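Now for the letters of each chain:
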Amino acid sequence: MLTFEYFLQQLVTGLANGMLITLVAIGYTLVYGIVEMINFAHGDVFMLGAFSSVTTLQALGAQAVKRVANKDQPPIPETYLWLVVALITSMVFCATLNVLIERLAYRRLRRGSRMAPLISAIGVSFILQNVGIYWKGVSPINFPRYIPQIDLVKAFGIDSFVRVTTKDVFVFVVTVPLVIALTLFIQRTKLGKAMRATAQDRDAAQLMGIDINRTIALTFLLGGALAGAAGLVSGLYNNTAGFQMGFSYGLNSFTAAVLGGIGNLNGAMLGGVFIGILGAMSDGYLDARWTPVVIFGTLNLVLIIRPSGILGQDLAERA
Amino acid sequence: MTTSNASGDVVLDVTGLTKRFGGLVAVDSVDFQVRRRQIVSLIGPNGAGKTTFFNMVAGQYEPSAGRVVFDGKSLHGLRPHQITARGIGRTFQNIRLFTNETLLENVLVGMHSRLKSGPLASLLRLPSQRREEGEAREKGMALLHLVKLDQYANEAAGNLPYGMQRRLEMARALASEPQLLLLDEPTAGMNPQETVNMISLIRRVRDEFGVAVLLIEHDMQVVMGLSERVTVLNYGQKIAEGTPLDVQRNDNVIEAYLGRRHKRPGDEEADGGTH
Chain Z
1002 MLTFEYFLQQ LVTGLANGML ITLVAIGYTL VYGIVEMINF AHGDVFMLGA
1052 FSSVTTLQAL GAQAVKRVAN KDQPPIPETY LWLVVALITS MVFCATLNVL
1102 IERLAYRRLR RGSRMAPLIS AIGVSFILQN VGIYWKGVSP INFPRYIPQI
1152 DLVKAFGIDS FVRVTTKDVF VFVVTVPLVI ALTLFIQRTK LGKAMRATAQ
1202 DRDAAQLMGI DINRTIALTF LLGGALAGAA GLVSGLYNNT AGFQMGFSYG
1252 LNSFTAAVLG GIGNLNGAML GGVFIGILGA MSDGYLDARW TPVVIFGTLN
1302 LVLIIRPSGI LGQDLAERA
Chain G
2 MTTSNASGDV VLDVTGLTKR FGGLVAVDSV DFQVRRRQIV SLIGPNGAGK
52 TTFFNMVAGQ YEPSAGRVVF DGKSLHGLRP HQITARGIGR TFQNIRLFTN
102 ETLLENVLVG MHSRLKSGPL ASLLRLPSQR REEGEAREKG MALLHLVKLD
152 QYANEAAGNL PYGMQRRLEM ARALASEPQL LLLDEPTAGM NPQETVNMIS
202 LIRRVRDEFG VAVLLIEHDM QVVMGLSERV TVLNYGQKIA EGTPLDVQRN
252 DNVIEAYLGR RHKRPGDEEA DGGTH
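So the sequences go chain by chain: Z and G.
So the first sequence is numbered by the numbering used here: it starts at 1002 and just counts up by one.
So the second sequence is numbered by the numbering used here: it starts at 2 and just counts up by one.
Please keep in mind that the hints were generated in silico from the structure rather than gathered at the bench.
Any given hint could be a false lead.
[Unchecked claim] Chain G regions said to be covered by chain Z (calculated; three or more residues, Cβ under 8 angstroms):
hint	region
1	90-100
2	104-116
[Claimed, not checked] On the chain G side, residues computed to face chain Z include the following (Cβ under 8 angstroms):
hint	residue
3	A59
4	P81
5	H82
6	T85
7	A86
8	S177
9	Q180
Everything numeric in this text was worked out from a predicted model, so none of it was measured.
Where is the CB? At the ideal position from N, CA and C, for every residue including glycine.
Given only the sequences and the hints, what does the whole structure look like? Please build it.
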């Protein structure tokens, strides 16, 4: 095996994972940017997104699942339609859930101590995990194998150790447009402008005619929608889902957001891809059980050198 | 200005406005009116309740008692963004711009309540949205031109020197198309030349946009040079009201600012009797 090809292989895996981490990390960073709280329940919203995707896909294609399961064959054409339906369902489900959580568990605490919504978020996280257990049980469930694993490098006639499968491509096809759409939304639209203004000075934004409650709800809606998309894609990529996945993915994504500079959208993307690649490299060159050490060790290092994260602003600049 | 007394002429009508913070009465049943296109100053020593008064009019504080009627309608129970949409714009004593955004973006945020395009139209760049955005940018540039900042339109607001930030705040407040502009110490921290410029800017804004202006100000040159009426607060109570000249001569006002005059024997006659 060529060492460079091995490196490339890890890079592909890392990028795909990194994009998933990015989608979840954006949810953390958007919410932090606007209400300055870590939404600890965010990872669990992502988990329920994966669960809802399983339910949708099973309901839609109970027959087809058996036909394509465990075979590396191209899926039947209807599957694509179901995937789109499942994606939209999961996004809408998680967006609604996230907005409800904000409305019920955080809004009333907004004017209170900084600690109150944080603790409330941990409580919501427990509730969602138990909803997950109630819904799909404690043991990991199999995710329908709708995305076949076809090596595109070989399909193009290139003989290489590196495999770029349809699964990897699928991850990019879903995540990249979503991230671009979100960026455009925040940069170009009136509501995006309202979000930026609210993040910078809530009172001043209000006096510019911006409805703060709606803007904050919108932020949770966007973060939830991306988590829902990530739930579906990660399920299809890893072919498994379990109630603790919110915790593990959430931790990585939260780390990515902090590493990139929490509150900063570009930071979340940079951090997400960075953590994805770092994790894959550690898996490939060290050992998977060392990966958390590498990731959190790096986080510590970055925070010691640059406490506000790679792209984060100093508090003085923010004020 | 002085002839028309019709109620339709009053843009802001405040009666018995009161704000209590625990045992402290910051604003104590103040009655207050501003007419259309009028420039009115609110003055008083530090802690007199001026900014609290502003915050109640703008909806940031809920009054403990009393009512605020704007343009013939009560503002009771409205949230700040709804009050902005009704037509009250404001600036802050400590400038509060969106420092990371460009000057133009700051002004465009000010237009928030006047723009209609939804998120879908903006993302897809529909013709209606493009037209609206084009118009908004043009209007924004015109406002920046008015405050002589158009050449810095694409700079980040945080990079501006202080005096310019104050002018940008004014442009941003005007972007919401207010009928009443609340200016909290618009010339604070300015040098004499900047102050003179600000006075003429405020007057121009009133003349060109037809807005009424209510300002809090400590600089008596500004107050006397600009206002048609002056209201004086002290310890939350209105102690005087009238033309700048009336107020300058008012004993209560002099006492509030300079303290009570020591009475010596024989003063009673010299004063010509104070009671």
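Verification of the hints:
1. Figure legend: the region 90-100 of chain G, annotated as covered by chain Z; annotation consistent (7 residues with Cβ-Cβ distances under 8 angstroms, at least 3 required).
2. Given a C-beta distance limit of less than 8 angstroms, the hint that chain Z covers the region 104-116 of chain G holds, as 8 residues qualify and 3 suffice.
3. The beta carbon of G/A59 comes within 6 angstroms of a beta carbon in chain Z, closer than 8 angstroms, and the hint placing it at the interface holds.
4. The interface hint given for G/P81 holds, since its Cβ lies 4 angstroms from the closest Cβ of chain Z, which is under the 8 angstroms cut-off.
5. A hinted interface residue such as G/H82 counts as satisfied when its beta carbon comes closer than 8 angstroms to some beta carbon of chain Z; here the least separation is about 5 angstroms, so the hint holds.
6. For G/T85, the interface hint holds, the least distance from its beta-carbon to any beta-carbon of chain Z being 4 angstroms, beneath 8 angstroms.
7. This hint holds: G/A86 has a C-beta 5 angstroms from the nearest C-beta of chain Z, less than the 8 angstroms allowed.
8. Satisfaction of the interface hint for G/S177 is found here, the shortest Cβ-Cβ separation to chain Z being roughly 6 angstroms, below the 8 angstroms cut-off.
9. Because the closest C-beta pair between G/Q180 and chain Z is about 14 angstroms apart, greater than 8 angstroms, the hint is violated.
Taken one by one, the earlier hints fail for this structure only at number 9.
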